[in-house]
Amino acid sequence: MNKTINQKAWFFVVPVFVLVAFNAAIPLMTVVNYSFQETFGNNVFAWEGTRWFKQILLSERFHDALGRQIAFTFIILLIQIPLGIGIALTMPKKGWGVPVCLILMSMPLLIPWNVVGAMWNIFALPDIGFLGYSLNAIGFDFNFTQQPGDAWFTTILMDVWHWTSLVVLLSYAGLNSIQPAYYQAAEIDGASRWSTFRYIELPKMKKVLTLAILLRFMDSFMIYTEPFVLTGGGPGNATAFLSIDLVKMALGQFDLGPAAAMSLIYFFIVLLVCWVFYSLMMKNEVKS
Amino acid sequence: MKKYKWLVPTLYIIFLMLPIYWLINMSFKTTTEIINTYSLWPREFTTENYVKIFTDNTWYMGYVNSITYTVFNTLISVAAALPAAYAFSRYKFLGDKHLFFWLLTNRMAPPAVFALPFFQFYSSVNLFDTHIAVALSHCLFNIPLAVWILEGFMSAVPKELDETAYVDGYSFNRFFFKIFIPTIAAGIGITMFFCFMFSWVELLLAKTLTATAAKPIAATMTRTASTSGYELGLLAAAGSLTIIPGAIVIYFVRNYIAKGFAMGRV
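Chains as they are written, first to last, in the working numbering: chain V, 1 to 288; chain P, 1001 to 1266.
Heads up, a few of these hints could be off.
A few chain V residues that face chain P, going by a derived Cβ cut-off under 10 Å, partial list only [as the list claims (entries may be wrong)]:
id, residue
1, D127
2, G129
3, L256
4, L271
Pair by pair, the computed Cβ-Cβ distance ranges are [unchecked claim]:
id, chain 1, residue 1, chain 2, residue 2, range
5, V, G97, P, Q1120, 46 to 56 Å
6, P, G1189, V, L280, 29 to 39 Å
7, P, T1046, V, S195, 51 to 61 Å
8, V, L57, P, K1052, 45 to 55 Å
9, V, T4, P, G1169, 47 to 57 Å
10, P, T1183, V, S279, 23 to 33 Å
11, V, G67, P, F1172, 50 to 60 Å
12, P, G1189, V, L57, 42 to 52 Å
13, P, P1182, V, A71, 43 to 53 Å
14, P, G1169, V, Y182, 42 to 52 Å
15, P, P1182, V, D127, 49 to 59 Å
16, P, T1032, V, G49, 54 to 64 Å
Hints in this document: simulated from the structure, not taken from any laboratory. Built from N, CA and C at the ideal position, the CB exists for glycine as well.
Given the sequences, and given the hints that come with them, work out the whole structure.
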């Protein structure tokens, strides 16, 4: 669309700008402040320069948490994106099945995150939970509160349960926007199911899929409440992802300096990845 | 193969419903039954857990608080985002692209990063433990989202609509409220749905910014695990009840969800 140049448009943006700046800029400055200083309580501060940044970047604890976080995000993207596309492809396109599918599939998205954690906790408990009990009954030694592997399995399954629907809804919307003429053309050409998918559906879904990956990356990288309620980061530190570790440091041990430095590094990583993604997305948009 | 296509979504929905069923199942059991026996449905059916929630005001006020700040937040976010999204979709102005990306970066900020500074900041302006504090803090991620979705919907409306209205002698305000807003009503509905959703499910900030007066239900729930022993039945009942507002909201926007996803950008 041709946009007109109009500097007065800024007036329209002012309320949003003020509200977000009020919420983002001031707290972010506080974090920046802390990251360069040592606190002694009673508002006494001493300049520390980049000490906290060096400490965090070199600490094993941060490396471990970051490693776990990357592994987790990578695994859930690998499961959720293909699974979401697959389900969207098999969903009914018209009739009573459409609203039923949409409503039931959106359900997990609207449950408060700690309820999701609590629900999965109850569901996976080895003695009284359906999942835990069933797995033990068929011969697996499953106990997510004791064994790190089981804790990972439960956390990933929970996230798949919680968020795959978002990918499904996005892919479904992308598929619905394809004109029937494309399919007719494919049929005339005698295209196989796979090549229809590969050369028609996948390219048409590119935009929504980029968005799905972006959203899933951001949210899984920031995940806090669900694993906190489900496993509390345990057993040991097995599922202590970045946010959990950060909150432990900031509110648990009150190590404000290192926690603030970690926050900034953390934010920077998310920002960098999203910026790369966003640029790619915009480039595609300009091309098409 | 086509014949069995329905199997995939069906199995997926069963997988989605299982934990929810288990939660509801637990909520109708007595504490002794939960602890001592494993059963697929309640043997001694009881509504005691629900009665407790609806008669104890520390419990049901949690719901009132959560709904209050969620509604506040939805209204603030959409009201502020409407003019901004219009500006982004119709005009070029100094720094527009940077501003748009800056807004999005706030959607990317981990709430854990902001928890402590928010607590200090809202305490210092005397808004700690109020509904408005939570509503304002949730603007951090909901306003960028609202601008983003609305901008998508508005850009889909041809600019000729605006121009025709001006030629017909409409003033900007009259055009915006009488013609433009009804045109993108579906988009506004979808935006409100997402704002409601993200404000309703968020807990970290809501919990950090409240103590008693505005405490969300989700935070009240964490109490059962610590102070009064492990009252799983009560926890399950409270959890089951938190699903209802979401289900109602989905029911209202059911016809727009797919369309909204396609046109808007989330």
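Exercise. Looking back at the hints listed earlier, which ones does the structure fail to meet?
Worked result: 9
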